[in-house]
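Visitor: Given next are the chains, with one letter for each unit.
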Amino acid sequence: ISATLGLGSVWRASQFLGDRCDLNAEIWEGEDLGCVDTWIRSMGARIHRRPLSDEQVAFYRTIYDRADEETVEMEEWERVDLGFRHVLITMLSSPWATYHVEVGDGDGELDAYELANRLSYHFWQSSPDDALYAAAADGSLLTDEGYRAQVERVAADPKTARSLEEFFADWLRVEEIPRMDARLGTPIFDAFAEDTLPSATLHEAMGEELVALGVHHVLESPGSFDTFFQSDRMVTHDGELAALYGGAPWNGAGEPGAVDGSRAGLLTRAGMVATGSANTRPIMKGVFVREGLLCEPLGTPPDNANASPPELSETQTTRQVVEALTEQPGSSCAACHADLINPLGFATEGFDGLGRPRTEQTLYAEWGEPLTSLPIDSADTSILAGQRIAFSDATDLTDEILASGAAHRCFAREFFRFTYHRAESSDADDCSIQTLGDALVEGQSLDVFLQRVALQPQFRTLAPPAQ
Amino acid sequence: MKTSRRHFLRGVGGFTLSIPFLPSITGRRAFADSSGGGPFFVAFATHHGGVWGHSMFPDEGLLSEQGRYAGRVIRGGALSGEVSGGRRRLSSVLDADSGRLTERLVGQMNVIRGLDVPWYIAHHTGGHLGNFARNDANGGDGLRMQAYPTPTIDQILAHSDRFYPDPDAIVERAMVIGARGLSYNYANPTDPRSDIQRMHNITSSVALFDRVFRPASAFGAASPLVVDRVIESYRTLLSNPRLSSGDQRRLDAHMERLFDVERRLNLELTCEIESPAFDAESLWEAPDYFRDPGSQARYWQLMNDIVVAAFSCGVSRIATMHVVDTLSNFAGDWHQDIAHQAYAQDNAQQTLRRAHQQFFEDIYLDLIEKLDATAGPSGGSILDDALVVWTQESGQYTHESYSIPVVTAGSACGALRTGQYVDYRDLDMELPFEEGPSHGYPSDHPGLTWNQYLGTVLQVMGLSSEGGLDLASGYGPMFVSPERPYYDEAVTVAGEPLPLLV
Chain C
8 ISATLGLGSV WRASQFLGDR CDLNAEIWEG EDLGCVDTWI RSMGARIHRR
58 PLSDEQVAFY RTIYDRADEE TVEMEEWERV DLGFRHVLIT MLSSPWATYH
108 VEVGDGDGEL DAYELANRLS YHFWQSSPDD ALYAAAADGS LLTDEGYRAQ
158 VERVAADPKT ARSLEEFFAD WLRVEEIPRM DARLGTPIFD AFAEDTLPSA
208 TLHEAMGEEL VALGVHHVLE SPGSFDTFFQ SDRMVTHDGE LAALYGGAPW
258 NGAGEPGAVD GSRAGLLTRA GMVATGSANT RPIMKGVFVR EGLLCEPLGT
308 PPDNANASPP ELSETQTTRQ VVEALTEQPG SSCAACHADL INPLGFATEG
358 FDGLGRPRTE QTLYAEWGEP LTSLPIDSAD TSILAGQRIA FSDATDLTDE
408 ILASGAAHRC FAREFFRFTY HRAESSDADD CSIQTLGDAL VEGQSLDVFL
458 QRVALQPQFR TLAPPAQ
Chain G
3 MKTSRRHFLR GVGGFTLSIP FLPSITGRRA FADSSGGGPF FVAFATHHGG
53 VWGHSMFPDE GLLSEQGRYA GRVIRGGALS GEVSGGRRRL SSVLDADSGR
103 LTERLVGQMN VIRGLDVPWY IAHHTGGHLG NFARNDANGG DGLRMQAYPT
153 PTIDQILAHS DRFYPDPDAI VERAMVIGAR GLSYNYANPT DPRSDIQRMH
203 NITSSVALFD RVFRPASAFG AASPLVVDRV IESYRTLLSN PRLSSGDQRR
253 LDAHMERLFD VERRLNLELT CEIESPAFDA ESLWEAPDYF RDPGSQARYW
303 QLMNDIVVAA FSCGVSRIAT MHVVDTLSNF AGDWHQDIAH QAYAQDNAQQ
353 TLRRAHQQFF EDIYLDLIEK LDATAGPSGG SILDDALVVW TQESGQYTHE
403 SYSIPVVTAG SACGALRTGQ YVDYRDLDME LPFEEGPSHG YPSDHPGLTW
453 NQYLGTVLQV MGLSSEGGLD LASGYGPMFV SPERPYYDEA VTVAGEPLPL
503 LV
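Residue numbers (this note's numbering), protein chains in the order written: chain C, 8 to 474; chain G, 3 to 504.
Keep in mind that the hints were calculated from the coordinates and are not lab data.
Be a bit skeptical, because a hint or two may be false.
[As the list claims (entries may be wrong)] With the Cβ distance kept under 8 Å, some of the chain C side facing chain G (calculated, not the full set):
(1) Ser101
(2) Val108
(3) Asp310
Keep in mind it's a predicted model, so treat the numbers as computed, not measured.
Positions of the beta carbon are idealized from the N, C-alpha and C atoms, including for glycine.
Please model the complete structure; the sequences and the hints are all you need to start from.
Guide: Written out as structure tokens, the structure is:
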């Protein structure tokens, strides 16, 4: 990290971030080296995110004093400016700025400032505020009561939305949502889309909506995991997407309205079902539900399994094509597809490749002429938490998933991994995840869940050493 | 006729240039490395593959030489193509304006058929240059190989004393260009215990230009004195006894990068050159870029300009370019609707073929023309001293790694025989591909290993098995799928240079 700072920038930075030090006056009348040290200590504490030691202050002071070694003659104020600039660049490029340095207190616990940083970066993706620094400085952050008070305060701060946005975007694989307009101009897609010609940004709106749904039910209008998973709230600000849902976009004020009554919560949000194609992708939907929402890994497919993706047919629905391709009795594909993958994707076949509700699938000739329409079949059976379940559509499947508790526990596991930037690696981790998941099953509010993650003992201890 | 650099850069062929060279840069005076520089290495990689062999490769009638090698008959012959209607055609894909794809350039090229990754790698970005671990784990083989990450050969070259005997004269050891990147190396190039990471890839032509020609501005006008102090701050933290060994290695790797910044800031460049007025990356802002082959080609042509300039000025001698653009106006999901349908649907196959031809003519040929028109350190052109390779992700079926096409240009300072079409496939063995021969599609035959190809590249670049580099089995972890025992003899010879070419 290096910064190219002009004279004005140094002054603005110092006066905004550092102790008030009227450098403007001093440089014209001669340097006040005490002021320089004060500035170094103050600015350094902000950038290092902890107080500087006397050795560190002396180190940066040397940089200030020697700034003019590599330059020719300059005015006094230029030398002073250069000194501040060099100190600032060195601070910003130091490992304490670039990395989260956690070496602990010698007993495996984080020290007060390391804990303050971990809290603020986990919730806010930013450095501690004055209150957190103060709690670190006076030692209250290391007490149970003081720590809990800070966790509650920090978690409730609107800045927590930044962290939640990253989590939901990551967990729900928002970046994998394909463009909806990629096939515009092709005969079949144009016939399929009819009046719903998608824009170049619709896929982005779909992704933003999934993230916004999460933030809304955790932070803005906290509710249980079930509430989030079954949510019918219209949280999108995008008019095009709102129209797909049969309503008006939310302006952010008050409680958002509802999407159209055909939806069954998260599973049927546009970003979860849309493909930007006249075809849906029940296999990929099923894989995501199984692995991403239920945390049940499927293992690697056999060689060449992906070499023949299901194509649009002129005589069969997508479901029928997929079944013929992957559920032949006795085939190596059927073992996973018939019970574990396909049913979870078929459940949402009531929504087409643009995320619109449907009861029939129209089949097209190569040049876009509609040939026939066949009824959608969303019913199936599957294995969930070791039990065989039956469902008739996405609403049924949602209910079954929630009743099993599998998604709650998966959410807890995923958020644990997000918090600690690692997979669970010990009995203590498993115990924490179990406790957190059970609380979600019992209906704990997601904002409380958020705090509880930071109240786990692992949050205050050093991470396992990197190998 | 070799054009002067100024003429070449001003618009031979009618393209618009972004870097006007000043007349002061001519011949060897442009080279920072007084020993003369060379060889040069460029690797292009394109996605998917999937073009039928009879479209990709020249006519079999050219394969007039035969010989036994590794248990099969291998074939080779002089590369040539017919000229008709103003176009020269080596194959359906290797087809271009005959005024550009000249006999001279054809004489500099090689087309190689029968180089295989002998296991199911399917989708990957790392395999092109030897980091087989960087694959999408579409099958068990790929998942297994993810446990063996390896530096790519461009990085082996970049940190080799044999390739860069005077690294202090080089600004950028390897230019890694493109949105996804091809190159992988240890986080700390001097510590093989450190993690294998993807190398920083550059997508902006202005950023690339600054990185190789204006290192001070590329690093934010940092002062060498400041960099020295930053390094000292890292040393201070490293002395903390509570730091784990893993974190120490991470800091070591960071410091190595800082040492490199310090080195670059202290370089004195001899080239006089103006900054480009147009950033190639701005082409991406057009909403239809993803289906505008003309814009896509222009993007890469602008990058080619910078590569040629960097080679000419001696500030770098390696470039990797991962071309993920489709080079097609197809609207839809290229992966699902074209790449994975090309074996079964002729219109998808033709779309794929046209896209590959467009890449060859507009991007690959563009670079080798420019290199051939620029004076090189040995008295000929840079292309004479270079090796420019084009590899694809798959062979003639997307996912399958038999006969992955390799096209080369340049002789690497005479180390490589050129003007050849070679075929290493064992035609006596027809491969069982369930969707191939049983449906009347072209069959596959096993060839030599990709490891041998990579090892050959390193050898022609002047490297050998020494200093920790082991080329006894070519380059890269040697793995053969248990279902492919027909590679046994190919594995035995993997450490040898590819026959008929060296």
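Visitor: Which earlier hints turn out false for this structure, listed by number in ascending order?
Guide: Checked against the structure, no hint fails, so every one of them is satisfied.
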